[in-house]
Amino acid sequence: MSDTSTAVAVIAQVSKTDPATITPDMELVADLGLDSARALELLVELEDKLGIEINDEDAARLNTVGDILHYLEVR
Amino acid sequence: MKHRPLRHRLEYSAYLALSRALMVLPHRAVRAFGRGLGALGHALDARHRALARRNLAVALPELDAVERCRVVAACYRHFGAAFCEPLSACRFSAKELEQRFRIEGLAHVEDALAGGRGALIVCGHFGSWQTAIYPLARALGTLHVVARPPDNPFVARDLMRLRERWGAVVLDRSGVGHRVVNLLRRGAVVGVVIDQRPPPGAGIVVPFLGRPARSTEVPAFIATRLGTPAVPMTCWPHDDGTYTIRLGPPITTAVGQGPEAVERLTRAYLATVEEDIRRRPELWLWMHDRWKA
Numbered sequence: 001m002s003d004t005s006t007a008v009a010v011i012a013q014v015s016k017t018d019p020a021t022i023t024p025d026m027e028l029v030a031d032l033g034l035d036s037a038r039a040l041e042l043l044v045e046l047e048d049k050l051g052i053e054i055n056d057e058d059a060a061r062l063n064t065v066g067d068i069l070h071y072l073e074v075r
Numbered sequence: 001m002k003h004r005p006l007r008h009r010l011e012y013s014a015y016l017a018l019s020r021a022l023m024v025l026p027h028r029a030v031r032a033f034g035r036g037l038g039a040l041g042h043a044l045d046a047r048h049r050a051l052a053r054r055n056l057a058v059a060l061p062e063l064d065a066v067e068r069c070r071v072v073a074a075c076y077r078h079f080g081a082a083f084c085e086p087l088s089a090c091r092f093s094a095k096e097l098e099q100r101f102r103i104e105g106l107a108h109v110e111d112a113l114a115g116g117r118g119a120l121i122v123c124g125h126f127g128s129w130q131t132a133i134y135p136l137a138r139a140l141g142t143l144h145v146v147a148r149p150p151d152n153p154f155v156a157r158d159l160m161r162l163r164e165r166w167g168a169v170v171l172d173r174s175g176v177g178h179r180v181v182n183l184l185r186r187g188a189v190v191g192v193v194i195d196q197r198p199p200p201g202a203g204i205v206v207p208f209l210g211r212p213a214r215s216t217e218v219p220a221f222i223a224t225r226l227g228t229p230a231v232p233m234t235c236w237p238h239d240d241g242t243y244t245i246r247l248g249p250p251i252t253t254a255v256g257q258g259p260e261a262v263e264r265l266t267r268a269y270l271a272t273v274e275e276d277i278r279r280r281p282e283l284w285l286w287m288h289d290r291w292k293a
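Going down the list, the protein sequences come from chains C and Z.
The numbers in this note's numbering rise by one with no breaks, and the one at position 15 of the first sequence is 15.
The numbers in this note's numbering rise by one with no breaks, and the one at position 201 of the second sequence is 201.
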């Protein structure tokens, strides 16, 4: 499974959303309804599943699905 | 935060006048002044006074009406003092910190840190929790604390400067969860206050003082994901202007457990605050609408 597929699966699981409906322009808070606890869960779950550690500055910039996918591409 | 430059500057002027005036008074006089402010608040603040009595009636039904009134009046006086004393305590020298603050159980933090996953210090809005930051930061070298900054940016900046004097690092609680995770991964000690109602829609419902109460699950979530122990802390103020900071045995958890573990741990953290409240109810913030649906 690619990092992108894993990330979408994690986003779907944490936000309880059908993965097929998730698009890059979706905002984590406004569109996927993540509160601060779920947003934290999403980041920690991504780190665990992908074996990465996201630093504070990068984490603060991840506001949309597209931000996450772009971060995983360029990191 | 609303941008209100004139109001902020007026508030800041009042804050500066009060805080600098307090700094020339002896610490016991500052506490006495604060208790007076609290008594004034009790006399004028009918809405929160009634809320505090209602909260007490349900949470501690063993208290009769007279006792509830006494506890609420003492609570206002205590929080008046608790509001003023950090402004006075920030000027203490290292020697005065040692003389005034007796720290019991510091070894529990060292035990918690031995696991290499950092340590949480959990406490409630109880006793002199804000004043404890100074001696704890000094004793530990560095202490990160998660706090809600005042809305006024000038006051917030000044308070942060005072709080950070002895090695405390204040983290704005808004969206700070992942930063706390990274700090704990590097072995930091992070203090969090756990007993207030989270924003609407957030948190989980667990019993608190016998009633279902929406409560933040973030500290317990972090603890379960990292395996970080949490050390309960209480700062007991004494009439002579000294304090006892009591750190309890770490509440531990295995790594990677699910939502049930998060709930169990949240309850365990809150139970430590409940124990203190039952001992000295007047030292807890009853004016907060803790059980609001």
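If you are wondering where the hints come from, they were derived from the structure by calculation, not from laboratory data.
Take these hints with a grain of salt, some might be off.
[As the list claims (entries may be wrong)] In silico SDA-like cross-links for lysine to any residue, where the CA-CA straight-line distance does not exceed 20 Å:
no., chain 1, residue 1, chain 2, residue 2
1, C, K16, Z, A254
2, C, K49, Z, L226
3, C, K16, Z, G201
4, C, K16, Z, E260
5, C, K49, C, A30
6, C, K49, Z, K292
7, C, K49, Z, A254
8, C, K16, Z, G203
9, C, K16, C, D56
10, Z, K292, Z, P61
11, C, K16, Z, K292
12, C, K49, Z, Q257
[Unchecked claim] Derived list of chain Z stretches under chain C, where covered just means 3 residues or more per stretch with a C-beta under 8 Å from a C-beta of chain C:
no., stretch
13, 21-30
14, 198-207
15, 215-222
A quick note: this is a predicted structure, and the numbers were derived from the prediction, not measured.
Backbone N, C-alpha and C define an ideal beta-carbon position, used for all residues, glycine too.
We went through each hint and held it up to the structure:
The suggested pairing of K16 of chain C with A254 of chain Z is violated, with an alpha-carbon distance near 26 Å, which exceeds 20 Å. A hinted pair counts as satisfied when its Cα atoms are at most 20 Å apart, and K49 of chain C with L226 of chain Z qualifies at roughly 14 Å. Between the alpha carbons of K16 of chain C and G201 of chain Z the distance comes to roughly 16 Å, so the proposed pair stays at or under 20 Å and holds. Of the pairs offered as hints, the one joining K16 of chain C and E260 of chain Z holds, with about 18 Å between alpha carbons and a cut-off of 20 Å not exceeded.
Our distance criterion of 20 Å between C-alpha atoms is broken by K49 of chain C and A30 of chain C, whose separation comes to about 24 Å. Proposed proximity of K49 of chain C and K292 of chain Z is contradicted: the alpha carbons are some 37 Å apart, above 20 Å. Restraint check for K49 of chain C and A254 of chain Z: the C-alpha separation of about 18 Å stays at or below 20 Å, so the hint holds. Simply put, K16 of chain C and G203 of chain Z have alpha-carbon atoms about 17 Å apart, close enough for the 20 Å limit, and the pair holds.
Taking the CA atoms of K16 of chain C and D56 of chain C, the gap is near 25 Å; set against the 20 Å cutoff, the hint is violated. For a cut-off of 20 Å, the pair hint linking K292 of chain Z to P61 of chain Z stands: about 18 Å separates their Cα positions. Proposed proximity of K16 of chain C and K292 of chain Z is contradicted: the alpha carbons are some 27 Å apart, above 20 Å. This hinted pair checks out: K49 of chain C and Q257 of chain Z have alpha carbons roughly 15 Å apart, not beyond 20 Å.
Residues of the stretch 21-30 of chain Z lying with their CB closer than 8 Å to a CB of chain C number 0, which falls below the three-residue condition for coverage. Counting residues of the stretch 198-207 of chain Z whose beta carbon lies closer than 8 Å to any beta carbon of chain C gives 4, which reaches the threshold of three, so the coverage claim holds. Counting residues of the stretch 215-222 of chain Z whose CB falls under 8 Å from any CB of chain C gives 5; the rule of at least 3 is met.
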